[in-house]
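Q: Here are the chains, one letter per residue:
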Amino acid sequence: MSAAETTTAKAPPVRHAPPPGRGAGPTDVKTAGKRTGGGPGAGVPWLLLAPCLTVLVLVLGYPLVRLVTLSFQKFGQPQLWGFQEAESAGLDNFTRILGDGEFWAVVLRTVLFAGGAVILTMVLGMLIALLLQRVSTWVKALVSIVLVASWGMPIIVATAIFKWLFDADYGVLNWLLDKLPGVEMIGHNWFASGPQGLAVIMLLVVWGAVPFVVITLSAGLTQVPKELEEAARLDGAGAWGVFRFVTLPILKPIIVMLTTLSVIWDMGVFPQVYVMRNGHPEPEFQVLTTYSFDKAFVVNDYGTGSAIALVTVFLLLGAVAVYMRQMLKIGEVE
Amino acid sequence: MGWNALGLLVFAVLGFPVYWMVNTAFKPAKDAIDPDPHFFPSTFTLENFKRALEIADFWGPVGRSLVVSLVVVIIGIAVGMLAALAISRFAFRGRKIVIVGILAVQMVPLVAMIIPVFLLLNDLGQYDKLTGLVITYLTFILPFTVWTLRGFIVNIPKELEEAAMVDGCTRTGAFVRVVFPLLAPGMVATSVYGFIQAWNEYLYALMLMSQQNQTATVWLGNFITKNGTEYAPMMAGSTMMAVPIVILFLLVQRKMAAGLTAGAVKG
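Protein chains in written order, with my numbering: chain A, 219 to 552; chain B, 221 to 487.
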């Protein structure tokens, strides 16, 4: 109890004192450097890191290496059971998938899906976070409860709920839409077409992702100094101007982080598609994750599945390169 | 006033799916498949819950999920804490690379790892074993724990430790007596959140465990059969799975947000 009180009492000054971004970091590290630098304590941080790095190398490093080697191998059922040695396939797996029109259709679909979901999540998240600053306390409390409830909802449960909401015959959404004048929706099967079905899945993804964005952005918004906003307003900036030139720059590190995480998560969407389509996504529902999964575990071609997974990783790395650059820059300052 | 109305609209839209789950869970099955939806349960019934528990064993999967999640969190916190301390309180050569490395690890999508992990566990004879699941869950729990705990540690002023050291504490002593108590709430929050993440994992649980060793998330799949989905019991099952998790979430989310933002803003 008292520990919790002290944290809240002690933390804010530090959190607010330095301008967001660098500030506290460099000086902190410098003093620490003086104390430990080169002396007998120099090995301490590595000692502390050792268990973590060991576990990560074992649980992640090895599979990652295996993923790369697999993607250059012919590896199917016989190799899995050990009847046959895995043989090198050279670049075969890659040339095959890269030369396959279906693969590129899947890539495009995945990029559109993830891009749409990320943009929708970030825009809605920002709007709701800004709205929460303007509503009464009780409305804010209500919205917060709902946000936390949907944030904490297991993905699998959320998927089940959305499947039920969008059910062709008994889904409440069709019934609601049908009430609109001139709209006939009863019995409409949302999953009969890929784009419509994926739009539903996108809504599900966004619904699950918005709370985290709103809550993090709200926390960030409390760090925007009121004086700065007022000064901007006195200088004649409108609501948009204040947002564009005061709020946005201060929130930038948080926004970049949230966008990056969203890209990673939304490119990696799997259970939502898999469960929505009862474990057998139709061709027009395939995204990179399910496609790789299908190739590996349905067709038993682990080599090709790995090649697809590897391509996905590279796509992601490209997408988050901006973020990595910023992180490296922060590292350099230190 | 206008803002409040808009806020209430957001409340209604975001909250509706959850409401519909609970509403369906408690209404008689025949009301659930009525073409005219019932917005309130006409009679309040627990029949769907009973049916959900009949369809497939519930407590086995829940027990397995519980064990796996707890073990993952305990290992994750113990190991992650030391690492978080190293990168937030020490200056050393390679610190930057470690930070970027730990962050980068989170960028590897789980799905990309499923094939080699599957083959690896197959080779090790850990396929369909809870230990195998624990090992794989560490891949995403550990980077997360390090990063969040770091966020909490940077919020604890260094001066407090220094003051304790001036007063004669050793560095370890200063940590144990000063930092650790202040960090405790952050550790609790990180543990709970990590627990929830492990509990909610679906893909590995689906791939690495057979039907008789399935975990809680995969359990829900039992409601989807070839003859269609039993929605009313499924919503009851969903409610049983979601309510405890949401309550845990309510308890820690404020702390989590603070830790995460500090981690994002402070280098």
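Because the hints were derived from the structure by calculation, they are not lab data. Among these hints, one or two may not hold up.
Covered stretches of chain A (in silico footprint by chain B; criterion: 3 or more residues with CB under 8 Å from a CB of chain B, positions within the stretch not fixed) [as the list claims (entries may be wrong)]: (1) 303 to 310; (2) 328 to 338; (3) 407 to 419; (4) 452 to 463.
Using 20 Å as the maximum straight-line C-alpha spacing, the simulated SDA-like pairs for lysine to any residue come out as follows [what the hints assert, rightly or not]: (5) K446/B with A225/B; (6) K358/A with L228/B; (7) K397/A with H258/B; (8) K444/A with A417/A; (9) K470/A with F515/A; (10) K250/B with G317/A; (11) K397/A with V282/B; (12) K470/A with L391/A; (13) K316/B with G279/A; (14) K292/A with G317/A; (15) K446/B with R271/B; (16) K316/B with P467/A; (17) K446/B with L426/B; (18) K349/B with V474/A.
Given the structure is predicted, the values throughout are model-derived calculations rather than measurements. We put the beta carbon where it would ideally sit given N, CA and C, even for glycine.
Q: Please go over all the hints and tell whether each is borne out by the structure.
A: Each hint tested on the structure:
1. Only residues whose beta carbon comes within less than 8 Å of a beta carbon in chain B count, and the stretch 303 to 310 of chain A has 0; fewer than three means the coverage is violated.
2. With a cut-off of 8 Å between beta carbons, the stretch 328 to 338 of chain A has 0 residues touching chain B; three or more are needed, and the interface restraint is violated.
3. Counting residues of the stretch 407 to 419 of chain A whose beta-carbon sits less than 8 Å from any beta-carbon of chain B gives 0, not enough to reach three: the coverage restraint is violated.
4. Only residues whose beta carbon comes within less than 8 Å of a beta carbon in chain B count, and the stretch 452 to 463 of chain A has 0; fewer than three means the coverage is violated.
5. At most 20 Å may separate the alpha-carbon atoms for a hinted pair to count; K446/B and A225/B exceed this at roughly 44 Å.
6. Restraint check for K358/A and L228/B: the C-alpha separation of about 9 Å stays at or below 20 Å, so the hint holds.
7. Of the pairs offered as hints, the one joining K397/A and H258/B holds, with about 15 Å between alpha carbons and a cut-off of 20 Å not exceeded.
8. Annotation: proposed proximity of K444/A to A417/A is violated, straight-line Cα distance about 39 Å (limit 20 Å).
9. The straight-line distance between the Cα atoms of K470/A and F515/A is roughly 41 Å, outside the 20 Å bound, and the hint therefore fails.
10. Restraint check: the Cα-Cα separation between K250/B and G317/A comes to about 52 Å, which exceeds 20 Å; the hinted pair is violated.
11. Under the criterion of a C-alpha separation no larger than 20 Å, the hint pairing K397/A with V282/B is inconsistent with the structure, at around 41 Å.
12. Proximity of K470/A to L391/A is assessed by CA-CA distance (about 37 Å); at most 20 Å being required, the pair is judged violated.
13. For the given pair, K316/B sits about 19 Å from G279/A by alpha-carbon distance, which is consistent with the 20 Å threshold.
14. Using a Cα cut-off of 20 Å, the hinted pair K292/A and G317/A holds, with the two alpha carbons roughly 17 Å apart.
15. A threshold of 20 Å between alpha carbons decides the hint, and for K446/B with R271/B the separation of about 18 Å falls inside it, so the pair holds.
16. Pair hint K316/B plus P467/A does not hold up; C-alpha atoms about 24 Å apart against a cutoff of 20 Å.
17. Distance hint between K446/B and L426/B is fulfilled; the C-alpha atoms sit about 18 Å from each other, no more than 20 Å.
18. For the hint linking K349/B to V474/A, the alpha-carbon distance of about 39 Å lies beyond 20 Å, and the restraint is violated.
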